[in-house]
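For what it's worth, my numbering labels the leading residue of the sequence shown as 1, then goes sequentially.
It should be emphasised that the hints constitute simulated quantities derived from the structure, not laboratory data.
In this text, a Cβ means the ideal position worked out from N, Cα and C, and glycines have one as well.
Do not take every clue at face value.
EDC-like cross-link-like pairs, simulated, lysine to aspartate or glutamate; straight-line CA separation at most 20 Å [stated by the list, open to error]:
| id | residue 1 | residue 2 |
| --- | --- | --- |
| 1 | K75 | D62 |
| 2 | K58 | E45 |
| 3 | K41 | D56 |
| 4 | K41 | D76 |
With beta-carbon atoms standing in for the labels, derived distance ranges [stated by the list, open to error]:
| id | residue 1 | residue 2 | range |
| --- | --- | --- | --- |
| 5 | V234 | F17 | 40 to 46 Å |
| 6 | E99 | D43 | 24 to 30 Å |
| 7 | K5 | F139 | 20 to 26 Å |
| 8 | L3 | E45 | 45 to 51 Å |
| 9 | F46 | P246 | 17 to 23 Å |
| 10 | F104 | S151 | 47 to 53 Å |
| 11 | S151 | L39 | 46 to 52 Å |
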Amino acid sequence: MKLSKYIKNKRSRVAFFIMCILFLLSLFSEIIANDKPILVKYDGEFLFPVVKVYTDAKFGGDFPTEANYKDSFIKDNINQNGYMIMPLIEFSYNTVDYELNEPFPAKPSKRHWLGTDEEGRDILARLLYGIRLSFLFSFILTFLSSVIGISVGAIQGYFGGKTDIILQRVIEIWDSMPQMFVLIIVASVFVPSFWVLIFILLLFSWSELTGLVRAEFLRARNFEYVKAARALGVSHFRIIWRHILPNALVTTITFVPFILAGGIVALTALDFLGLGLGQEYPSIGDLVRQGKDNLQAPWIGLSVFFVLSILLTSLIFIGEGVRDAWDKRK
Numbered sequence: 001m002k003l004s005k006y007i008k009n010k011r012s013r014v015a016f017f018i019m020c021i022l023f024l025l026s027l028f029s030e031i032i033a034n035d036k037p038i039l040v041k042y043d044g045e046f047l048f049p050v051v052k053v054y055t056d057a058k059f060g061g062d063f064p065t066e067a068n069y070k071d072s073f074i075k076d077n078i079n080q081n082g083y084m085i086m087p088l089i090e091f092s093y094n095t096v097d098y099e100l101n102e103p104f105p106a107k108p109s110k111r112h113w114l115g116t117d118e119e120g121r122d123i124l125a126r127l128l129y130g131i132r133l134s135f136l137f138s139f140i141l142t143f144l145s146s147v148i149g150i151s152v153g154a155i156q157g158y159f160g161g162k163t164d165i166i167l168q169r170v171i172e173i174w175d176s177m178p179q180m181f182v183l184i185i186v187a188s189v190f191v192p193s194f195w196v197l198i199f200i201l202l203l204f205s206w207s208e209l210t211g212l213v214r215a216e217f218l219r220a221r222n223f224e225y226v227k228a229a230r231a232l233g234v235s236h237f238r239i240i241w242r243h244i245l246p247n248a249l250v251t252t253i254t255f256v257p258f259i260l261a262g263g264i265v266a267l268t269a270l271d272f273l274g275l276g277l278g279q280e281y282p283s284i285g286d287l288v289r290q291g292k293d294n295l296q297a298p299w300i301g302l303s304v305f306f307v308l309s310i311l312l313t314s315l316i317f318i319g320e321g322v323r324d325a326w327d328k329r330k
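Please construct the entire structure, taking both the sequences and the accompanying hints into account.
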């Protein structure tokens, strides 16, 4: 019933379709955009450089390091003894194009469909990898935040009394802390990495669902079926997990797409401010910063603007569709 309501919402259905396409494309970023061939046939042997590292000596070179497939010597050896199939975009997110004859950032061309950034890296490739990084980061952050927030809210609402009062005061004090200053301090002490950044943002994002779950549990803890379960000696954990939580998640699940959008915005903002991931990561926030610093190259800012607009707008429309589908008044 709820699924049919969601499907009837055309705007949410289209947004979900767009998100699925973007996510699937980003999952295959190595096959779509890479400076390594997808497939190499060399001396009758099939090789897959995308998933395995082959040395320069493997293709007739002299060095034990990884082969450079853009090197003319390696390319000629492969073509004389077989063939290689390159991806649609022959640049990875960290590949610097030294063969360009114009200064960086280079404008869009047949070689670089969306141009290059200020370091000569392909913008389209960085956006593909950046979308995947943003999705995975936001999914993990949302999952961990939801688990902690729902657990704390369930404990507050179910037990009530002093437990509820003490935890509520702790949450109010914690939420009143200046998050940006704490992030600046932590970022200056620790080297920001993927998991360190998730941990830092998790410290402040777990309480987003707590109030909603707490209210649902406070309402349901006095229902007849809960009192009956207590009278029969059912454990508190089983009552919370099996009897109350499924009903509480009905309203909670509608906020998940909005939390996902908030995770993408948080990562982009931190990378833009220089407090997020390093240069070894394909960061959308770094492209936003480059767009601001290179107003003479509008293709950088416009590319990031359209990608972020599509991502966040689609997530908001999906959230609205889920909310309407679960709304009993509709």
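Going through the hints against the structure:
For the hint pairing K75 with D62, the CA-to-CA distance comes to about 15 Å; that is within 20 Å, so the pair holds. Distance hint between K58 and E45 is fulfilled; the C-alpha atoms sit about 11 Å from each other, no more than 20 Å. A hinted pair counts as satisfied when its Cα atoms are at most 20 Å apart, and K41 with D56 qualifies at roughly 15 Å. Note on K41 and D76: the hinted pairing holds, with a Cα-Cα distance of about 13 Å set against a maximum of 20 Å.
The hinted range of 40 to 46 Å is satisfied by V234 and F17, whose Cβ atoms lie roughly 43 Å apart. Our hint of 24 to 30 Å for E99 and D43 holds, since their Cβ atoms are close to 28 Å apart. Under the hint 20 to 26 Å, the C-beta atoms of K5 and F139, about 25 Å apart, fit the expected range. Separation of L3 from E45 is about 49 Å and conforms to the stated range, judged on CB atoms against 45 to 51 Å.
Between F46 and P246 the beta carbons are some 51 Å apart, a value that contradicts the proposed interval 17 to 23 Å. Roughly 49 Å separates the CB atoms of F104 and S151, a value that falls within the hinted 47 to 53 Å. For the hinted restraint 46 to 52 Å between S151 and L39, the CB-CB distance of approximately 47 Å keeps it satisfied.
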